[in-house]
Each structure stands twice: as C-alpha cells, then as structure tokens.
Amino acid sequence: MLSDARKLGRFAQIYGLRKTAFKALSRQEPLPSFVRLPSFASPTRRDVGVIGCGQFAFATIGHELTKVQGNRFSACFDPRKDRASKFGHFYGCEVKGSPEEVIHDPSVKYIYIASNHASHSDYAVSALDAGKTVYVEKPIAVTHDQLAKLYAAQQRGQERLFFGYNRPFSGAIRELRKVCAGAAHEPMTLSCFVACHKLPSDHWYREPTEGTRICGNVGHWLDLMTHIRSWGDLEDSWQITIAYSNVHQIDENMTLSLTSERGSLVNITMTERHEPFEGINEQLSFQMGPHMAHIDDFRSMTLRTAENFSRLRFWPKDVGHRSAINQPFQETRRDPQEVFRSSLLMLRIKDMVCARERFSAFSFDQAARATFGHALD
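Mind the numbering: the sequence shown is residues 3 to 379 in the working numbering, read in order.
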C-alpha cells in the first residue's frame, strides 16, 4: 500500500492530478459503480467509437480526448466484456457486441482503434471503407501485407486516417525542429536509451503474430528517427546492426544501430532489467550540425547551439499524446507517407529479429516498391 501511494504521488508530480486519476482508475478492478466521468464533460455530440478498451484506451485516449473535446464517446467494443463494460460505464457510451457494430453505427463518425496489434490494420481498413475517420494506434500493421492493404485504403480514404505515433508531437521535438531548421539537411547522431516495462514471458506483446516488441515498442523510436530525418531529405539507404544480449529473448535488452549513406548514426537501446517505478523512461541525446540536445524523459530538454545554452521543462510530462490523439479534430497532423516509411523500416527490423539476424541493408524506396508497388513521394 505504501509503495502504491508513493507511486501515485510521483505520477501526480509527473502527469498532474487528472491524468493520474485516469491512470489509477484504468487499473482499478472492478470499478466502483458510482465512478463515472462527470456529465458536464459531455458535449452535445456523441460521435466517437472505440475498438479496444484496455488501459491505454481508458487512461490515455480517454483522458486526452475528453480534456480537449469533452466526452464524445458513443460506442465501444472489446473482446473482453469486462473491459468494454468498464469503459462504457465510465464514459457513458453504448457497449457493442462486435467491432462491426461500432464501425457501422450511424452515430459514430470517428473510430479510435486501440486493440491488439495484429488487428489494428484490419479494423482501420474496414472503418475507412465504411466512410469513417480513423485514428489507429501504433503499430499500424505487423506484416507487409497488412501495411499494403492499409496504404491502399488510406489512398481511397481521402486523408481520413490518423496515426498514434506521438513522439513527434511532443513539446521537446517541436522545439528541437525549430532550432534545427537551418541544419536539417546535415547528418545527425541520435541515441535513444529506453527503459521499458518488464513483461512476463507469456505476455501477448511477445507473440510473433503480434509483431513482437519491435512493433509494440521499438517502432516509436524508429518513427521518431524517420520523422527527424524527414525535416530535410530522408536518406534512402541504411545499414542495420542488431546486438542481442540474450538470443533466447530477442526482442528486448538489445541495441539497434543504423547508419545512413550520408553518415547519420542512430542507436536505440531497449532495456527491461527491472520494472521502472515511474513507468517507461526515455533518455535521448542528439546532434545535428552545431545543435546538441538531451531530452530527459520528455520532462526537460537541454539545448546547446553554438555559443548558446538553454534548458526547457515540460509539465506535465509531454510525449505528445494530446496533440496526436486529437489529430482528427485539428489542422496539425502527421504526414502519412512519413508514417508508412517508418513502418516499412520497423517491419524489416521485426523480420530480422524473428530470424535472429544481426546485419542487413535497407532501402526505403526498395521496401516501398516491394510492398506498395511503387516508391513513396
């Protein structure tokens, strides 16, 4: 109990009271019957459907969407009835018996997909073809075939597809982009050290059909790398090296090294030696031209540019969830081509890990032609 109280206290310091409350309620089983989102948070429009009602949908999508839009949830589905019932009870929305019922509900105009990873793309394609605006959580696909079908649906969908890769929306990365505007074409060095949740050996993230932790976790930082390089001209050709600390548990406690044809260097280390008390912790170090930065868990950033030094703080902790989750309702959005490129790279590395490969060459253009039939613009 004392440890739980300390964790709540630390989370409140990091995320603020409201988000901490949502996180705590998402872990409460069962949820007391009197606990509901206050009715004053409900706008006149109820037009959002949710497929997948786990902790992320409850605590993160629910928190960030209601904070900005009010409670617009109309319908939800989860194969675990207890999760769907809990979500529906708290947000006051209708619990559906199948994902198809959410997709074809005429009151639902926006669909948020936060189900198991292997189902993301199929639900997104179905919802797009039904004329809905779709927000799909990461990963957007776990196979090349899924990615190809989602790309085709996105081309038919007239820009109604939004993506859950949120780090580019963080305050630190947005500030860094402003600083590096004049050096975006120069090579960069990026080092990401990520202490992840410690998962049990039978956790569903580890299933090859779910894309392993490469799709579940590492894709975030591959997407961030792709985003930063796209500030200028994203290099086409990369060399990939993987160092495994344990070949029997290949998708964690590992380091990826990527080097580009123009000399960019990216290292991503994912470690899970022990469950982090404050949740996932990210330490990013960066250099591009005369600009250097260190991002401390997206709570602060030090910037050194030529002769200048500055320190920025971000409270509550800002990994970009609010802006990412509210993309369907705002002008700012990710470039879909950028996310499809990062997904191609993620799938290549996932395939390497599943095959226990250590070295590979990668070309964005070649991967796009093999998957989509043509290079991306």
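Since the hints were made in silico from the structure, they are not lab data. Here the structure is a predicted model, which means the values were calculated and not measured. Warning: the hint list may mix true and false statements.
Simulated restraints on C-beta separations [as the list claims (entries may be wrong)]:
1) 99 <-> 31: 20 to 26 Å
2) 41 <-> 307: 27 to 33 Å
3) 361 <-> 34: 50 to 56 Å
4) 211 <-> 259: 36 to 42 Å
5) 362 <-> 248: 30 to 36 Å
6) 83 <-> 265: 49 to 55 Å
7) 255 <-> 375: 36 to 42 Å
8) 11 <-> 377: 16 to 22 Å
9) 20 <-> 204: 23 to 29 Å
10) 46 <-> 333: 20 to 26 Å
11) 7 <-> 161: 43 to 49 Å
12) 31 <-> 306: 30 to 36 Å
13) 287 <-> 245: 33 to 39 Å
Every residue gets a Cβ at the ideal spot worked out from N, C-alpha and C, and that includes glycine.
Distance restraint hint 36 to 42 Å, applied to the beta-carbon atoms of residue 255 and residue 375: At roughly 37 Å between Cβ atoms, residue 375 and residue 255 fall inside 36 to 42 Å, so the hint holds.
Assessment of proposed distance window 30 to 36 Å (beta carbons of residue 31, residue 306): violated (47 Å)
Supplied distance hint 20 to 26 Å, evaluated on CB atoms of residue 99 and residue 31: holds (22 Å)
Range hint compliance [Cβ, residue 7 to residue 161, 43 to 49 Å]: Holds, at about 46 Å.
Range hint 36 to 42 Å (beta carbons of residue 211 and residue 259) holds or violated: Given range 36 to 42 Å: violated, Cβ gap about 27 Å.
Cβ separation of residue 46 and residue 333, checked against the hinted range 20 to 26 Å: Holds - the Cβ-Cβ distance for residue 46 and residue 333, about 23 Å, lies within 20 to 26 Å.
Residue 20 versus residue 204 beta-carbon gap, inside 23 to 29 Å or not: violated (34 Å)
Status of the given 27 to 33 Å range, CB of residue 307 versus CB of residue 41: With a Cβ separation near 49 Å, residue 41 and residue 307 fall outside 27 to 33 Å, so the hint is violated.
Outcome of range test on Cβ distance (residue 361, residue 34; 50 to 56 Å): The hinted range 50 to 56 Å holds for residue 361 and residue 34, with Cβ atoms some 54 Å apart.
C-beta pair residue 287, residue 245: status relative to the range 33 to 39 Å that was hinted: violated (18 Å)
Satisfaction of the hinted span 30 to 36 Å by the C-beta atoms belonging to residue 362 and residue 248: violated (20 Å)
Pairwise beta carbon distance, residue 11 to residue 377, judged against the given window 16 to 22 Å: At roughly 51 Å between Cβ atoms, residue 377 and residue 11 fall outside 16 to 22 Å, so the hint is violated.
The structure fails to meet hints 2, 4, 5, 8, 9, 12 and 13 from the earlier list, while all remaining hints are met.
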